[in-house]
Structure formats: structure tokens, C-alpha cells
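Here the protein sequences line up with chains A and B, keeping their order. Per the numbering used here, the first sequence starts with residue 3, numbered consecutively. Per the numbering used here, the second sequence starts with residue 13, numbered consecutively.
Accuracy of the hints is not assured; some may be wrong.
[Claimed, not checked] To give a feel for the contact side, a few chain A residues facing chain B, derived at Cβ under 7 Å:
#1 Thr198
#2 Pro201
#3 Arg202
#4 Leu204
[As the list claims (entries may be wrong)] Pairs of lysine-lysine, BS3-like flavour, derived with a Cα cap of 30 Å:
#5 B:Lys160 to B:Lys184
#6 B:Lys160 to B:Lys178
#7 B:Lys184 to A:Lys247
#8 A:Lys247 to B:Lys256
#9 B:Lys108 to B:Lys295
[What the hints assert, rightly or not] Just the calculated beta-carbon pair ranges, DEER-fashion:
#10 A:Leu8 to B:Gln268: 32 to 38 Å
#11 B:Arg174 to A:Leu27: 53 to 59 Å
#12 B:Arg174 to A:Ser58: 57 to 63 Å
#13 A:Leu126 to B:Ser47: 30 to 36 Å
#14 A:Arg186 to B:Arg112: 30 to 36 Å
#15 B:Asp210 to A:Pro330: 39 to 45 Å
No wet-lab data here; the hints were simulated from the structure. Keep in mind it's a predicted model, so treat the numbers as computed, not measured. C-beta atoms are modelled at their ideal positions from N, C-alpha and C, and glycine is treated no differently.
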Amino acid sequence: MRPVTLARVLRICALLSAVLFAVVLLALRLGAVPFSLGDLGQNLWWLASGHPERLSTDFRLIMVDIRLPRILLGIFVGAALSVAGASFQALLRNPLADPYVLGVSNGAALGVLVALLVAPALPLMTPLAAFLGATATISIVYMLGRRQGQLDSSTLLLAGIISASFLSAIIMFLMTTLASRDLRGIAFWLMGDLSTALPRGLLWILVVGFLSATGAIYTTASDLNLLLAGEREAMHLGVDVTRVKLVVYISASVLTGLAVAVSGAIGYVGLLVPHLMRMLFGSDYRLLIPTSALGGAIAVVLADTLARTVVAPIELPVGAMTAMAGAPFFIYLLRRRLA
Amino acid sequence: MSDTASPVPAPDAVARAHAHVHVRVNVEQASYAYSARAHAAPLFTLEATTFQAHERELVAILGPNASGKSTLLRLIAGAIAPLSGRVELDGFATSKLDARTRAQRIALVHQESSLVFPLLAGDYVLQGRHPHGRSLWFESEDDFTIAKNALAQVGAEHLADRWMHKISGGEKQRVVLARALAQQPLVLLLDEPTLHLDIGAQVELLAQLRRLAAEHRYTIVVVTHELGLAAEFADQIVLLHRGKCLRVGPPSAVYQRELLEQVFETPLEIETAPSGRPRVLIKGRKQ
């Protein structure tokens, strides 16, 4: 028996938070203009203690305006995608479920593109459009993935992968109509990119949306453990299956929609991170949800730091980095499952 | 509530002893029908079935494949509501109880239980405490003790730290039963619990269920097509055939050669064992 207790959850979260903090420091230091750790500490202290006037101009330009917002964005996007992935894995009883693999990210991206085409003056509408796109896609994939009323694991994955490629074809088509505008920016965003500066309103939507959706999912954590054994069995152990599924589908779609609206389709984070966390800390969702959130933040900040520095001064989209790590991992999981 | 027990008089000493015990599960003229679509003709029908199960009683729902055994079990579990008639636990319709209350009173052990991610047997048993907790909840010391005791009751303490996917079929069956015990239910329902067990493990499981029923006042309902086991261990038999309830009563009343031969479509011989219980012998087709 290795029961999950509140003390254990807090202990592991504290540990992961410390790792996240170290990764953030590293990400702040690295880049075209390197800072020494001492400088960084000094300036950060001034920033945190309410003396922004003492900051050097360099620091203000590079850190406060560019690197820090980008890192914060990476934290929320990574956490949102990982929690969404872990949730889809429980709902669909499929260890290979992930918003990107299931086509949900592309559905959200299509929603964003449509919103940009229809109402370019309303950037704050994009998260809503992304959420609607994500919800529609997961509903369709869920229906296509059923056989004789039962969710079939490989049918579901195929349905997701086919939906993803179908949606990406529509996205390509729409992009040709955008030709006059910033095509490269959109292409970069589609691959998953954290470099775009966001309007402040969008950031607030991201933070509030992330916290409420993750909170809603966490209230069902012990139900999700039972849902993994099947809906009938969960029902006989007292789980209100319909309510839990509804709450988690909507929340996971909100998380995916938010992440895609601000950073495009960053793939495989929702697959890779929950699996690593399961290997490290076990598969109990009361532990997996918070560890996935922190682990996802760590993974995306690290990946983005690599994307910024690996072929500097050129920057890669962070989605390219996560796909390079995630796709082989997907194959590994698939092979191991079939073996 | 009156105790009319069973329609057939009970010669068994065990059944007589139960005739004045509290009726726990009351199935009264309950029927059910499956159909593919809402107004299509039903694909399968379970016709009106009546029986009562008391505390400390082990009831076997007996019948060949596709006779309606699992449907009857799902009716008792409250997973489906009867089309007509009543299915009650202590006077409450089981299908109307909310999922949590139901899980506190009725534990169901399934035929197959597949896991997506690896799980320790001890943690699996701990899941049985779920209906007694709330959402956003961590198990208490009491829950750990109850789970450990449940494992001990089925003689599986040593499995607590083993992975569910790495233990044998018989061991798994015990752990699954332990989780049901950890629910601390009034009624234990088991769907074909002996399916993947060898004969030694089958007898051990049934003997264990008998003991648990006696010690903890559980009402146990077992779905099975094992004629021999049901005769040896059940207090009451509910015999189903193609969706019809043919007979309800103690084994000695239900085990009649022509009846069972017709139901199971095979020649049989029935003797009375020294214990007074019937004993079934299988005959080759051509004899």
C-alpha cells in the first residue's frame, strides 16, 4: 500500500516548485544577453520588493519586458496542457490521450483562426473561440472512437489523429486567405510559440481560466482514479459518472483552448509530462493533477529556453522542441503497450 | 415486513433458520427488457422474477449463458430500474438510491476488471472506501485499517504491496473481493466470480463467502452456472432459463433431474449427499 496523503502531496509539490524556481532562474539567465546570477538576484529583489526605479535599463528591457512574461506564459501553458492531457487520459481510459494527439489542439487553433478572420478587432474573443473549437473536436472524436457503444482504444486514437490532420487541412486553407497579413507569424504560432506579446486582458483570462478549470478537475481527482477502471465500475463505487465526465470534459477543453489561444499547438506536453509524473510518483490523480501542472510548467519553460538558445540568435518555435522529444516517446509508449 | 421466505417449503435446516430473519433484498415481480432502440422490439427480456434474500444468506442465481443472470444482478445492484415490479433493499428501490448511498450498501464484484495504469493491490482495496469519503478527500487512518482488515479477511495481507497486473487470477479475485469488503456493504453481489479460477480456488472462494456471510451478516448474491458449487454452498437458488425464472428455493427443491436437464440441455444424474444437499453428476451425451 502506498496511500496518498495530503502531507505527501504538499511535500512533492514543494519539491517540484523548487525545481521550477531553479529552471526559471536558468531561463532568465540564458539568452542573447546573459546575466550573472548575482545581477539577476539583485534586480529580481528590487523588482519584488517594490523598487522598480532602481532596475538597470538593460534589465528592464530584456527581463521585465521580454523574458519574464515569456517564462510566465510558458508556466501556465505547460501546466494547462499537462493537466488537460492527464484528464483526457482518465476520461478516455487511454494512456496515449493528449490534446494534440486527439486533434483537440487543432480544433482550438481552427477556432482562433476563424475568430481572427471574422472579428480581428476583438483579440479577447480568441480564448472563447478556442474553447468552442476544442469542445467540438473532443465531442466528435469521442463519438467516432466508440464501437458498439464502447470506447475502443485504437479506434479513438485513429479518430483523433485523422481529425487532427483534417483540421490542419482546413487551417492551411484558411491561411491562404490570410496571405496579405502576417503569414509567418501565424505559421509560427501554429507550431507552438511563446514569443508573441499578449494583451494584458488575455493574460488575466489565462490565469483565472487556468486556476478555475484546474480547481474543478482537482475536485474530481478521486473520482478519476475510479473512472480509470471503467464507467460501470466507477458508478458502483459511488461515482456520479455523468457529472464528473461533464465537469472534466469542459475543464480540459477550457485548458486546451486557453493554451492554444495564447501559444498555438504545442504538442505532446500533455502526453509526456503526466507519464513521467506517474513513473516518479504513481498514478493517483490526487497527486497526478498538481504534479502534472508543475511538471508541465518545468517542461515547457525548459523547452522554450532550449528553443531560444540552441541555434541562437535564431529562435525555434517551442512546439518543435516538444515534438522532437514527444513523438519518440509516443512511439515508445505505443510499442510498450502493444508488446 | 412479513417473511414469506420462498414459495417452495424449505427442508434445509439452514433455510429454516432464516425463515424469521429480516428480509434484506426484496425482488417482487421484477422484469426488464433490452432493446436496440427506444421503440424497437426487445432483444432480450427478463420476465417477472420474485425472490427474497435475508441477511447471512447466500443466494445463487443459476442458469446457462444468456438466461438473464447478469440482468437480474444489475437490477439488484440498482444499475438499471425494473420495467415492472420492485427491487428493494431494506424497503428502498435500489435504482432510486443515489450512487454514493448505493455504493455504501451494495458492493458489486465484476467479471472483468481492467486497469489502464499500474496499481498496487493495497491501493486498489483502498478504493473501496471511496463511497464513504467526499470529493477532494484523502483516506484516514481508519480507512487504512479497514482496507488492511479486508485484505486479511480474504487471506491476502501479503499481496498489499504487489502490483495488480502481476498477481495470479486467484489472487486477483481475492483482492477484488477485499475491495468489495472494504465498502462495508450490506449486500455483496458477485458476477461469475469463479470464472477464471481452478476448482480448488473456486471451492475456497465459495467457502470464504459462506464464512463472511455468517460472520458479518452480509447478504450475498452470486451469479454462476456452476451447478455443483451452487448446490454445495447456496442457501437459496434462483433458477433462470431464457429470461424466465423457473424455480426459487433451497437446492434440494430446485435440483430436479428433468428440470435441470431441460435448462442446461445435457443429461444429468442427481443424488443426495450425506449433508442432505443435492449432488450433480454429469453424464456423457450418449449414455
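Evaluation of the provided hints:
About 36 Å separates the beta-carbon of threonine 198 (chain A) from the nearest beta-carbon of chain B, more than 7 Å, and the hint is not met. Proximity of proline 201 (chain A) to chain B is violated relative to the hint, the smallest CB-CB distance being about 34 Å (cut-off 7 Å). For arginine 202 (chain A), the interface hint is violated, the least distance from its beta-carbon to any beta-carbon of chain B being 32 Å, above 7 Å. Because the beta carbon of leucine 204 (chain A) sits about 30 Å from the nearest beta carbon in chain B, more than 7 Å, this interface hint is broken.
For the proposed pair lysine 160 (chain B) and lysine 184 (chain B), the alpha carbon gap of about 16 Å is at most 30 Å, so the pair holds. The suggested pairing of lysine 160 (chain B) with lysine 178 (chain B) holds, with an alpha-carbon distance near 20 Å, which does not exceed 30 Å. Pair hint lysine 184 (chain B) plus lysine 247 (chain A) holds up; C-alpha atoms about 28 Å apart against a cutoff of 30 Å. Distance restraint check for lysine 247 (chain A) and lysine 256 (chain B): the Cα-Cα separation of roughly 37 Å exceeds the 30 Å cut-off, and the hinted pair is therefore not satisfied.
Taking the CA atoms of lysine 108 (chain B) and lysine 295 (chain B), the gap is near 46 Å; set against the 30 Å cutoff, the hint is violated. About 60 Å separates the C-beta atoms of leucine 8 (chain A) and glutamine 268 (chain B), a value inconsistent with the hinted range of 32 to 38 Å. For the pair arginine 174 (chain B) and leucine 27 (chain A), the beta carbons lie near 42 Å from each other, so the given range of 53 to 59 Å is not met. Separation of arginine 174 (chain B) from serine 58 (chain A) is about 60 Å and conforms to the stated range, judged on CB atoms against 57 to 63 Å.
For the hinted restraint 30 to 36 Å between leucine 126 (chain A) and serine 47 (chain B), the CB-CB distance of approximately 49 Å leaves it violated. Range check, arginine 186 (chain A) to arginine 112 (chain B): Cβ separation about 55 Å, and the 30 to 36 Å hint is violated. The hinted window of 39 to 45 Å between aspartate 210 (chain B) and proline 330 (chain A) holds, with their beta carbons roughly 43 Å apart.
The structure shown violates the earlier hints numbered 1, 2, 3, 4, 8, 9, 10, 11, 13, 14.
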